[in-house]
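Trainee: Whenever a hint applies, use it, and build me the whole structure from the sequences.
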Amino acid sequence: MAKWQERAELLFKTEGLEKLRNSNVLVVGLGGVGSFAAEFIARAGVGKMTIVDGDVVDITNINRQLPALHSTVDLPKIDVVGDRLMDINPQLQLTRVKEFLSPERAFEIVTPEFDYVLDCIDSLTPKLNLIIAAKRKRVKIISSMGAGGKMEASKVKVADINSTSNCYLAKAMKKKLKAVKIDKLKVVYSSEIQDKTSLRMTDGSNFKKSFYGTNSYMPGLFGLYAAETVIRYLLKNDIQ
Numbered sequence: 003m004a005k006w007q008e009r010a011e012l013l014f015k016t017e018g019l020e021k022l023r024n025s026n027v028l029v030v031g032l033g034g035v036g037s038f039a040a041e042f043i044a045r046a047g048v049g050k051m052t053i054v055d056g057d058v059v060d061i062t063n064i065n066r067q068l069p070a071l072h073s074t075v076d077l078p079k080i081d082v083v084g085d086r087l088m089d090i091n092p093q094l095q096l097t098r099v100k101e102f103l104s105p106e107r108a109f110e111i112v113t114p115e116f117d118y119v120l121d122c123i124d125s126l127t128p129k130l131n132l133i134i135a136a137k138r139k140r141v142k143i144i145s146s147m148g149a150g151g152k153m154e155a156s157k158v159k160v161a162d163i164n165s166t167s168n169c170y171l172a173k174a175m176k177k178k179l180k181a182v183k184i185d186k187l188k189v190v191y192s193s194e195i196q197d198k199t200s201l202r203m204t205d206g207s208n209f210k211k212s213f214y215g216t217n218s219y220m221p222g223l224f225g226l227y228a229a230e231t232v233i234r235y236l237l238k239n240d241i242q
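The sequence shown begins at 3 in this note's numbering and counts up one residue at a time.
Hints listed in this document are in silico derivations from the structure and should not be mistaken for laboratory results. Bear in mind that the values here come from a model prediction, so they are computed numbers and not experimental data. Please note that the accuracy of each hint is not assured.
[Said to hold, decoys possible] Label-pair restraints from in silico Cβ distances:
1. K183 with E115: 24 to 30 angstroms
2. Q95 with D162: 28 to 34 angstroms
3. Q95 with K198: 20 to 26 angstroms
Built from N, CA and C at the ideal position, the CB exists for glycine as well.
Mentor: What follows is the structure in structure tokens.
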């Protein structure tokens, strides 16, 4: 056991650390949700991870994203987050994929070698492609729904997508999943009603047509819930 894992071993036990060390996780999207989720996964001691993101740090990311600092503006998120993960665990077997996920690449990247996929994408089309790829290949996946326009931490939970409410992204995703005959999906979502006045439209680049205002803590909380679900599953304390 590495010295930095001393406290984790007290809780996970030696066999738990070994299970995490032998696990392989895919995190797609390193924004507000994914950056925190990836860090929690790394700090838990997962031995192998692939991270996927094609974006650079924008100054508007600073209010909510782990890699976003004034000193990192315009740097690729994959580099900032990747370097940070390796600094946390130098033994981590880390693969970095610097690209926006196209439909074809989703099916290439997701393989049965992964124990779990964390979908932290905030655009509908690539999100759907990743979910379809994981479901078709029978790889476990947890998908983050909309953290934007929300303020109440107590309303965040993990559930099947069919049990969600007050989430426009989940509502749209349910229709898309029904069309491709996917009837179950584990998600992180908030049941709080979104603040419609915080909505802004975009030019539609990178599959993103709009976004909601976001605070400092909600994306990180979504990432925490996603990481908890994955870590407890890998420890065989599965949340069904």
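Trainee: Are the hints correct? Go through all of them and say.
Mentor: Hints, one by one, checked against the model:
At about 25 angstroms, the CB distance of K183 to E115 agrees with the hint of 24 to 30 angstroms. For Q95 paired with D162, a C-beta distance near 32 angstroms keeps the hint of 28 to 34 angstroms intact. Under the hint 20 to 26 angstroms, the C-beta atoms of Q95 and K198, about 44 angstroms apart, miss the expected range.
In the structure shown, a violation is registered for the earlier hint numbered 3 alone.
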